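Protein chains in written order, with UniProt numbering: chain A, 1 to 563; chain B, 1 to 563.
These are calculated hints, taken from the structure and not from any lab test.
Just so we're clear, the structure is a prediction, and the values are computed from it rather than from any experiment.
Cβ atoms here follow ideal geometry from the backbone N, Cα and C, with glycine treated the same way.
Treat each hint with caution, since some may be false.
Claimed, not checked - Below are the SDA-like pairs computed for lysine to any residue, each with C-alpha atoms no more than 25 Å apart in a straight line:
1) B/Lys-53 <-> B/Gly-77
2) A/Lys-404 <-> A/Gly-273
3) B/Lys-188 <-> A/Gly-519
4) A/Lys-184 <-> B/His-37
5) A/Lys-279 <-> B/Ala-304
6) A/Lys-188 <-> B/Gly-518
7) B/Lys-184 <-> A/His-34
8) A/Lys-188 <-> B/Asp-328
9) A/Lys-279 <-> B/Trp-301
10) A/Lys-184 <-> B/Ser-46
11) A/Lys-184 <-> B/Thr-27
12) B/Lys-184 <-> A/Pro-16
13) B/Lys-184 <-> A/Ser-46
14) B/Lys-184 <-> A/Ala-29
15) A/Lys-184 <-> B/Glu-23
16) A/Lys-184 <-> B/Thr-517
17) B/Lys-184 <-> A/Asp-328
18) A/Lys-53 <-> A/Gly-519
Said to hold, decoys possible - Pairwise CB distance ranges, derived in the manner of DEER restraints:
19) B/Ala-104 <-> A/Ala-49: 37 to 47 Å
20) B/Glu-482 <-> A/Asp-67: 32 to 42 Å
21) B/Arg-189 <-> A/Asp-67: 41 to 51 Å
22) B/Pro-191 <-> A/Asp-388: 26 to 36 Å
23) A/Glu-181 <-> B/Val-416: 40 to 50 Å
24) A/Asp-48 <-> B/Glu-482: 50 to 60 Å
25) B/Ser-295 <-> A/Gly-87: 52 to 62 Å
26) B/Thr-183 <-> A/Arg-189: 58 to 68 Å
27) B/Gly-113 <-> A/Pro-100: 46 to 56 Å
28) B/Gly-113 <-> A/Gly-87: 54 to 64 Å
29) B/Arg-561 <-> A/Gly-178: 34 to 44 Å
30) A/Asp-48 <-> B/Trp-301: 54 to 64 Å
31) B/Arg-390 <-> A/Gly-187: 16 to 26 Å
Claimed, not checked - With the Cβ distance kept under 8 Å, some of the chain A side facing chain B (calculated, not the full set):
32) Arg-28
33) Glu-172
34) Gly-178
35) Trp-182
36) Thr-199
37) Cys-505
38) Asn-515
39) Leu-516
40) Gly-519
There are 2 protein chains.
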Amino acid sequence: MAAALTADQLIAQHRPTLDQALEAIRTRAYWSPHPEHPKAYGEHGSLDAAAGKAAFDALLGTRLDLDQPGTDDWVGGEVSPYGVELGVTYPHADVDVLLPAMRAGQRAWRDAGPELRALVCVEILKRISDRTHEFAHAVMHTSGQAFMMAFQAGGPHAQDRGLEAVAYAYAEQVRTPGTAEWTKPQGKRDPLALTKEFTPVPRGIALLIGCNTFPTWNGYPGLFASLATGNAVLVKPHPRAVLPLALTVQVARQVLTEAGFDPNLVALAAERGGEGIAKTLAVRPEIRIIDYTGSTAFGDWLEANARQAQVYTEKAGVNTVVVESTGDYQGMLSNLAFSLSLYSGQMCTTPQNLLIPRGGVATDDGHKSYDEVVADLARAVDGLLGDDARANALLGAIVNPDVKARLEAAADLGEVALASREIAHPDFPDAVVRTPVIVKLDGAKPDAEAACMSECFGPVSFAVAVDSATDAVELLRRTIREKGAMTVGAYTTDPEVEQAVAEVCLDEAAQLSLNLTGGVYVNQTAAFSDFHGSGGNPAANSALCDGAFVANRFRVVEVRREA
Amino acid sequence: MAAALTADQLIAQHRPTLDQALEAIRTRAYWSPHPEHPKAYGEHGSLDAAAGKAAFDALLGTRLDLDQPGTDDWVGGEVSPYGVELGVTYPHADVDVLLPAMRAGQRAWRDAGPELRALVCVEILKRISDRTHEFAHAVMHTSGQAFMMAFQAGGPHAQDRGLEAVAYAYAEQVRTPGTAEWTKPQGKRDPLALTKEFTPVPRGIALLIGCNTFPTWNGYPGLFASLATGNAVLVKPHPRAVLPLALTVQVARQVLTEAGFDPNLVALAAERGGEGIAKTLAVRPEIRIIDYTGSTAFGDWLEANARQAQVYTEKAGVNTVVVESTGDYQGMLSNLAFSLSLYSGQMCTTPQNLLIPRGGVATDDGHKSYDEVVADLARAVDGLLGDDARANALLGAIVNPDVKARLEAAADLGEVALASREIAHPDFPDAVVRTPVIVKLDGAKPDAEAACMSECFGPVSFAVAVDSATDAVELLRRTIREKGAMTVGAYTTDPEVEQAVAEVCLDEAAQLSLNLTGGVYVNQTAAFSDFHGSGGNPAANSALCDGAFVANRFRVVEVRREA
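Start from the sequences, fold in the hints, and give me the full structure.
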């Protein structure tokens, strides 16, 4: 057992980090305390590559006992998209025992106040950061992300998003002072004078419903926003991606214990296959906050049915890139090829519809017809993924059979400009690795519109021929308004087109990346600076991260008395 | 037509006020720019008492033409609770014309940015403030409040709440900078560099559904929070309390026009008797925000059905005062008597249940039995209202026949400790003025519990005999949890009881006033300092005013490009 963590220690160690995070969300300049390079780990208590891999290997086939109350069974069954059976089992909870136990420690956690709660959260993130190599393997073998992406997106980038949520939560809670003296003049009479105490109080127990593709990145904002605002958090991972969040819960419980709090403030709700426990938990009266990433259908169900809770959802959307003109044709092609390939297009931010005027596109390399643009893009993707090692490093594995089925069906939707192909993985023969398909659609045809107006999650994109830039802008507007979008991209050298696209994004509340041709991609956002989603279109009802994401996770109770 | 208002003028005139409001919500010390004393008006362009009365009188029997598009009829029919027919008619809107017209000016309003929007709102409030005497009569003759209360609560206090919302809205929008330069080091390679623009964008059209009792005080927070965050606002007043909000809309349209914006950013939706237009408007797709004060039934309906909108509701609650012991018996009685009498108990913050141990209460004047406490309180109310002139000045008129019917039925619920009596009004013979009734209930009896566990809005309070302080605390907890509470009061000299009551309020998110014996009352809150409601119990899903009240009325759209 490590030495107990005192408030003084936590302040000394982590207050500077919290202050830097607070400054970063104010300036939105680049900042991260979590190294992106795998070689940066191995000192100051962090696991290096070999130790991280060993730690992960040691987990395989074991029971991950979190010492939770009400554990009535052990469940598991994750199979890596790379073909490996993880064989880890997790506590299955009797929620009638677990939920009351989670409430027991809430008073002390509330009384700890915003600063100490924030610093305990930073310590949890620090311990997770130290084990980034171990988490990377856990994320890789649940999401199917390639190792480097699992390392970065599942490690430092997820930790950044968690810390960002802690900073927002802290800032929101300290906007109101702890106490105030209120003195109101009464003319010649004595003034009225009151002493007021203000206490941020939690809503209750928060439920985090994790997703398959980004268990940590999409999970940490809600988890840490709720915990930092005084709530207990029950973590219900996706059945295919339990391990990264189970390890997170383990770390959180350790840190809470060491800091003198009840470990049951964070608990895991793993489930049996087909149990569908999220639906049961979501409407329990104890659950007052829900964070969810996943399908529109279940997200809508939660919003409609979990009326006792504040519900934060990230659902499906249809992401568009308008390709109207460019001053860097090769840069555009490379940038788009990377965006379409990364993690086999299995990001909620991956572009799906590329809207290209059928009359072609003006470029620095001369005018390019619609067919030329599509063919050149196909070649760019082919070139990027021509080497199998590089393809494997970029693509990762197909996360589940549904995505594979959609990929295979996509070829029937139109003329295939780039066919998907299988890639063999040198280390994991059972891994399902596929390159993206690009399908040509004529935007003027109704069936094409039906195809491009619904989300086809996975390595599928549509090169949609449109009549004009105006037509593209109008289709973009309709797509965002009706289907939602996590991202929008546009390539144009025409200020009027740029303005028109920007106006649509402002009107429909979508995040826009313009003319990206270098090493930043439309599907990537950086914590502390970029917003992930807007919360203002159907793809998500909240953004990561802003004031609205944290402000309603707690309430402020005032006690006033005469001074 | 007044001279056009420039941004520079607005900054020079109102930026200091905005800055003071921002400082006030941070420190929560006493502050108000709006004078409470009627005699403070009459200079610098404001109407004095005579001019305000004349302006109100001149409105009677007229058509209030707001020059709104889509006006297809003129409707009215307000009858003052003091018996006067106002005879004012208002535009009835064809919403299929009005709503699109309201969207036309949104882009320019969005592009104006948070500061200019805030200062336009401050100018609107300033013009309303100048007409406080006129508004006071409008509030008096729709709500039934006595003149002085209508003047203060409907005037400066409502304006304070509006300004508070403007300050919160402004602060929230400028938390994210307008632009950011983001530069991410890449080791030996060139850094990645992006330029980012962040724009607060409105959700769409906001709907304010006003209430009968506090049209301005309860209406201004939502109206100004929505307008300051870039939304257009459609004001749907209570059919019995149109005039104060119609005048507000008129002022807002004038100021918007003078500042170069589209007046249709604020519009009125008056309705015919029984038209029930709120239900139709609430589910229109253009309506993205709703603020509502009123019955739990309709508030719940809005929350369940207006799914396309952010819904902020203040509904019914059951307010409790625990009377356990006191060091100032007379002060307590006077304070409670005033709280029960003010505006005939027709405040959402008026105490309903007084929980008193059946074994009595320790006081500075010796031990008092339950019966003595109730009798002494009845005497205190009687004394306070013994003089008809003072009674009229405190009580105001009964706002509608439902309240009168509830008051009359209350005497059957238990032993009447203080009977209600009629008071004649010297100026308005038809005014329905009634003193409050106090009914004794035995908390141990099921029918008593049923009575005290439902809201009996109006001049009715229950002196509930409980077994002990512990029993009182437990009933308090149950009442807040099941029925909600806008306010809780407690009188106790016992630190343990105080602690227990405070714990309940922290657990159940209710605002607590302790041992008030002077000139501050449990049913009053001050803008910039006190929260009205908590948003954490069933009485309201939001508090006035905090970050959560404004943060989701807009979204931030980011446009990023390579630097």
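**Unsatisfied constraints (hint numbers, rising)** = 18, 19, 34
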